[in-house]
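Protein chains in written order, with our numbering: chain F, 68 to 512; chain W, 68 to 512.
To be clear, the hints were calculated from the coordinates, so they are not data collected in a lab. Among these hints, one or two may not hold up.
Note that identical chains are pooled: a pair holds if it fits in a single copy or bridges any two copies.
Distance condition first, Cα-Cα at most 25 Å in a straight line; then the derived DSS-like pairs of lysine-lysine [unchecked claim]:
1. Lys411 <-> Lys319
2. Lys509 <-> Lys411
3. Lys411 <-> Lys507
4. Lys89 <-> Lys507
5. Lys89 <-> Lys117
6. Lys492 <-> Lys507
7. Lys492 <-> Lys512
8. Lys509 <-> Lys318
9. Lys319 <-> Lys492
10. Lys89 <-> Lys411
11. Lys492 <-> Lys509
12. Lys318 <-> Lys492
13. Lys507 <-> Lys319
Here the structure is a predicted model, which is why all the values come from computation and not from measurement.
2 protein chains.
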Amino acid sequence: MSDSGKAVAPRSGVADVARRAKAASRLLAVLDAARRNDVLLAAADLIEEKRAEILLANERDCGAAAQMVSEGRMPQAMFERLRTSERGVSQMAAGVREVAALDDPLGRELSVTELDDDLTLSKVTCPLGVVGIIFESRPDVIPQVGALALKSGNALLMKGGQEASHTNETLIRLWHEAINSFADVPVDALHLLNTREDVREMLALDGLIDLIIPRGSRSFVDYVAEHSRIPVLGHGEGICHVYVDRAADLKKALAIAFDSKTQYPAACNAAETLLVHEAVAPQFLPEMVAQFRRARVEVRGCPRTLALARSREVIPASEDDWATEYSDLIISVHVVSSLEDAVKHIHLYGSGHTESIVTEDALAATTFLETVDAAGVYHNASTRFADGFRYGFGAELGISTSKLHARGPGGLEGLTTYKYLPTGKGQIVATYSTGERTFKHKRLK
Amino acid sequence: MSDSGKAVAPRSGVADVARRAKAASRLLAVLDAARRNDVLLAAADLIEEKRAEILLANERDCGAAAQMVSEGRMPQAMFERLRTSERGVSQMAAGVREVAALDDPLGRELSVTELDDDLTLSKVTCPLGVVGIIFESRPDVIPQVGALALKSGNALLMKGGQEASHTNETLIRLWHEAINSFADVPVDALHLLNTREDVREMLALDGLIDLIIPRGSRSFVDYVAEHSRIPVLGHGEGICHVYVDRAADLKKALAIAFDSKTQYPAACNAAETLLVHEAVAPQFLPEMVAQFRRARVEVRGCPRTLALARSREVIPASEDDWATEYSDLIISVHVVSSLEDAVKHIHLYGSGHTESIVTEDALAATTFLETVDAAGVYHNASTRFADGFRYGFGAELGISTSKLHARGPGGLEGLTTYKYLPTGKGQIVATYSTGERTFKHKRLK
Numbered sequence: 068m069s070d071s072g073k074a075v076a077p078r079s080g081v082a083d084v085a086r087r088a089k090a091a092s093r094l095l096a097v098l099d100a101a102r103r104n105d106v107l108l109a110a111a112d113l114i115e116e117k118r119a120e121i122l123l124a125n126e127r128d129c130g131a132a133a134q135m136v137s138e139g140r141m142p143q144a145m146f147e148r149l150r151t152s153e154r155g156v157s158q159m160a161a162g163v164r165e166v167a168a169l170d171d172p173l174g175r176e177l178s179v180t181e182l183d184d185d186l187t188l189s190k191v192t193c194p195l196g197v198v199g200i201i202f203e204s205r206p207d208v209i210p211q212v213g214a215l216a217l218k219s220g221n222a223l224l225m226k227g228g229q230e231a232s233h234t235n236e237t238l239i240r241l242w243h244e245a246i247n248s249f250a251d252v253p254v255d256a257l258h259l260l261n262t263r264e265d266v267r268e269m270l271a272l273d274g275l276i277d278l279i280i281p282r283g284s285r286s287f288v289d290y291v292a293e294h295s296r297i298p299v300l301g302h303g304e305g306i307c308h309v310y311v312d313r314a315a316d317l318k319k320a321l322a323i324a325f326d327s328k329t330q331y332p333a334a335c336n337a338a339e340t341l342l343v344h345e346a347v348a349p350q351f352l353p354e355m356v357a358q359f360r361r362a363r364v365e366v367r368g369c370p371r372t373l374a375l376a377r378s379r380e381v382i383p384a385s386e387d388d389w390a391t392e393y394s395d396l397i398i399s400v401h402v403v404s405s406l407e408d409a410v411k412h413i414h415l416y417g418s419g420h421t422e423s424i425v426t427e428d429a430l431a432a433t434t435f436l437e438t439v440d441a442a443g444v445y446h447n448a449s450t451r452f453a454d455g456f457r458y459g460f461g462a463e464l465g466i467s468t469s470k471l472h473a474r475g476p477g478g479l480e481g482l483t484t485y486k487y488l489p490t491g492k493g494q495i496v497a498t499y500s501t502g503e504r505t506f507k508h509k510r511l512k
Numbered sequence: 068m069s070d071s072g073k074a075v076a077p078r079s080g081v082a083d084v085a086r087r088a089k090a091a092s093r094l095l096a097v098l099d100a101a102r103r104n105d106v107l108l109a110a111a112d113l114i115e116e117k118r119a120e121i122l123l124a125n126e127r128d129c130g131a132a133a134q135m136v137s138e139g140r141m142p143q144a145m146f147e148r149l150r151t152s153e154r155g156v157s158q159m160a161a162g163v164r165e166v167a168a169l170d171d172p173l174g175r176e177l178s179v180t181e182l183d184d185d186l187t188l189s190k191v192t193c194p195l196g197v198v199g200i201i202f203e204s205r206p207d208v209i210p211q212v213g214a215l216a217l218k219s220g221n222a223l224l225m226k227g228g229q230e231a232s233h234t235n236e237t238l239i240r241l242w243h244e245a246i247n248s249f250a251d252v253p254v255d256a257l258h259l260l261n262t263r264e265d266v267r268e269m270l271a272l273d274g275l276i277d278l279i280i281p282r283g284s285r286s287f288v289d290y291v292a293e294h295s296r297i298p299v300l301g302h303g304e305g306i307c308h309v310y311v312d313r314a315a316d317l318k319k320a321l322a323i324a325f326d327s328k329t330q331y332p333a334a335c336n337a338a339e340t341l342l343v344h345e346a347v348a349p350q351f352l353p354e355m356v357a358q359f360r361r362a363r364v365e366v367r368g369c370p371r372t373l374a375l376a377r378s379r380e381v382i383p384a385s386e387d388d389w390a391t392e393y394s395d396l397i398i399s400v401h402v403v404s405s406l407e408d409a410v411k412h413i414h415l416y417g418s419g420h421t422e423s424i425v426t427e428d429a430l431a432a433t434t435f436l437e438t439v440d441a442a443g444v445y446h447n448a449s450t451r452f453a454d455g456f457r458y459g460f461g462a463e464l465g466i467s468t469s470k471l472h473a474r475g476p477g478g479l480e481g482l483t484t485y486k487y488l489p490t491g492k493g494q495i496v497a498t499y500s501t502g503e504r505t506f507k508h509k510r511l512k
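Could you put together the complete structure from these sequences and hints?
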């Protein structure tokens, strides 16, 4: 809980914090862009200035975490994500500055329509209001999402992992210090929640919180969606495919498939299944499988894959394999008879996250891009590019496999909505319903 | 259920229909705009051609409904909404043609970013997929939502009111006839469901249906949201306000407040509460109240309102009144001390639907438009303009008080999402994570 919230009794604590955040969000929404950026730049400076403090707090968290790893109560990978460094802190500050440098997401006129003489309808972007975000261990989340929230005029309730509590508390303190250097910016804009009970309470506040972003396992995202009426931005599974077309440049295909699987296998945008056109499979698969095996990737193949690869290198895939997100150095391989078969396989087993075709045939590429229903549909590029930073959003809010609101990697736009602002000279609907006047509906923008 | 679905056993019926709709949606998504419009124009022609058939079916529904009204089992207002006419049928056809004439909502490039040399990210609109819509009595819904769905490349499961079943079956038959005149358009694009049990089944199909639009009472929308994991586009309450500022043109204020309340009191965009600045209340309220009373509008006032109006004309308002959607010829009136007080009242009691300020003071208008958090924030215009037709969307899908995805009146845009389409030359992420290359992130569009 934020400094200012410490005195509040835990039971009603989160509702109270959310109410203050809501009030703060009203003030943030009308701050001008320059002031919102001022806060970000002040925070970035403070992060660098207080680097030693951040690293000390992180040391404490890592000390406790190392103990847990040695006792087998924390996976090594989680420990790695928790640890930051001199360079890590610099990157936090740089990330915040990058968000400050982005275009203002608020007050953008999405359209302007002349409904009639002197009656103009504009559609303008505005903040969502109050956003709740729940995340684990990584200490760079607070600088990132804090920057995105303030840049887009939203208040934020954050709940980090217990294992990063010292680091997170230090970072939120720096945000509050940055905010407090501007009298017109409300310190209630950013709050840190402490316990799982806090999260449970937050999920019930559907009148006060406009969006929940759970970053974590699929089961956690499901839990949040089941236990809250607040809209949820999150993703289910990332079952991504690379399809090597009959007209693929096989060198590119080797590189893209390898990168999509191995560059960071735990990521949701890593490939789980490789689809290979039968025309190129005999030439492509032996080399691809050998490359995977050298990198200790387990390969599970369909019968045709088994027939083409040396038997010791490929394990038979079961039906379940096509629907599994391994998040690990395992890949399933399926030989298909056509591009249409590849698309069918993707629509049957894919999770609508990221799908890539490797081909030199422009028509095949266009067909794939138009036909495949996913947040990202790629041509000759690794699925691992599906990421807010790589897309140029400055920071990432999370990746959504929902089709509504934000789809794919979410940045500032995921934190905005819009409102319709008609301005008239006293017009009433009766004039139009009687036919005295008719609408013009002239699109001005 | 559609013609083609009649043979299916009811238990598994809806899932089967949804699966066929999903397959149809894949085909619709890649139809070109001209063909999608062809279907709409063919349907419009058929609606006019088969006018007598539609009217006959409507007669049958109205006959049964009249019986129910006489037995007190159906409200008169529902009967009125059910009945169509020669002119009503012409308007159905005209509405479908209007949607056909709108710009293509698909394949619009929302942005293009050069991530690096030869690696371009475009963000392009595409259909949602399969949409379920549940509505009551009004026979013009099927032409409207059918047109919006096909125009935007979506398949549709529709469930109309039992009372309109003959009219709805005739209209869906005409849609199927229109679709069948084009070999490349799948007839499974539009389905009519029959029973409440069908609706219950549909709500469970979160893998197959992308969006549910419940049009009906708030309790019905709540029921759907509680019983489905499919995203819901709908609105809760419409507690809309007209605020008469100290700098209001009182003639405009009289007309706007009167229209907002009385032009169609059952609509969600009708005003429920009138807020009046204390500086103009003594001059404005007596005339306003008199005008309302002449139109048999019940007026419920705060103590200051009671003091300003003749006592017999105004009933004292209770705290509950400020939070009530009357949907009837009742209005609550509150005198406020400032624009800030008006905004506070709106944020405390409003439902985020539509709010209007009447003022000649440009600064007051700007403050109101920027500060008020609602789907529509109006200046000098009636709240009753909040409507898809009046906004120029050609038809209306429903009005959303959610901030996510579609906010306010929804048209074609509410039925689209987008996908990211990066095209490269074989790029992999490893090249960037090692620092060998860095991103350019040059916004091209």
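Inset, instruction - Indicate which option fits the pair Lys318, Lys492 if close means a Cα-Cα distance not exceeding 25 Å: within, between, both or neither. - result: Answer is between; shortest inter-copy Cα gap is 11 Å, intra-copy 65 Å.
Inset, instruction - Up to 25 Å between alpha-carbons, please classify Lys509 paired with Lys318: within, between, both or neither. - result: neither (52 Å within a copy, 28 Å between copies)
Inset, instruction - Using 25 Å as the alpha carbon limit, work out where Lys411 and Lys507 are close: within a copy, between copies, both or neither. - result: Neither: 45 Å inside a chain and 35 Å across chains, both beyond 25 Å.
Legend entry - Intra/inter-copy verdict for Lys492 and Lys509 if alpha-carbon distance must be at most 25 Å: For Lys492 and Lys509, only the intra-copy Cα distance (18 Å) is at most 25 Å; the inter-copy one is 42 Å.
Legend entry - Alpha-carbon proximity context of Lys319 and Lys492, limit 25 Å: The answer is between: 8 Å across copies meets 25 Å, while 62 Å in one copy does not.
Inset, instruction - Using 25 Å as the alpha carbon limit, work out where Lys411 and Lys319 are close: within a copy, between copies, both or neither. - result: within (23 Å within a copy, 60 Å between copies)
Inset, instruction - Up to 25 Å between alpha-carbons, please classify Lys492 paired with Lys512: within, between, both or neither. - result: The answer is within: 21 Å in one copy meets 25 Å, while 35 Å across copies does not.
Inset, instruction - Pop the pair Lys89 and Lys411 into one bin, within, between, both or neither, using alpha-carbon distances up to 25 Å. - result: Between copies only: 12 Å across, 46 Å inside.
Legend entry - Status of Lys411 relative to Lys509 across identical chains (alpha carbons, at most 25 Å): Result: close neither inside a copy nor across copies, 42 Å intra and 35 Å inter.
Legend entry - Alpha-carbon proximity between Lys89 and Lys117, which holds within one copy, between copies, both or neither at 25 Å: neither (29 Å within a copy, 55 Å between copies)
Legend entry - Status of Lys319 relative to Lys507 across identical chains (alpha carbons, at most 25 Å): between (53 Å within a copy, 22 Å between copies)
Inset, instruction - Classify it for me, Lys89 with Lys507: is the Cα-Cα distance of at most 25 Å met within a copy, between copies, both or neither? - result: neither (39 Å within a copy, 37 Å between copies)
When the structure is compared with the earlier hints, violations turn up for hints 2, 3, 4, 5 and 8 and for no others.
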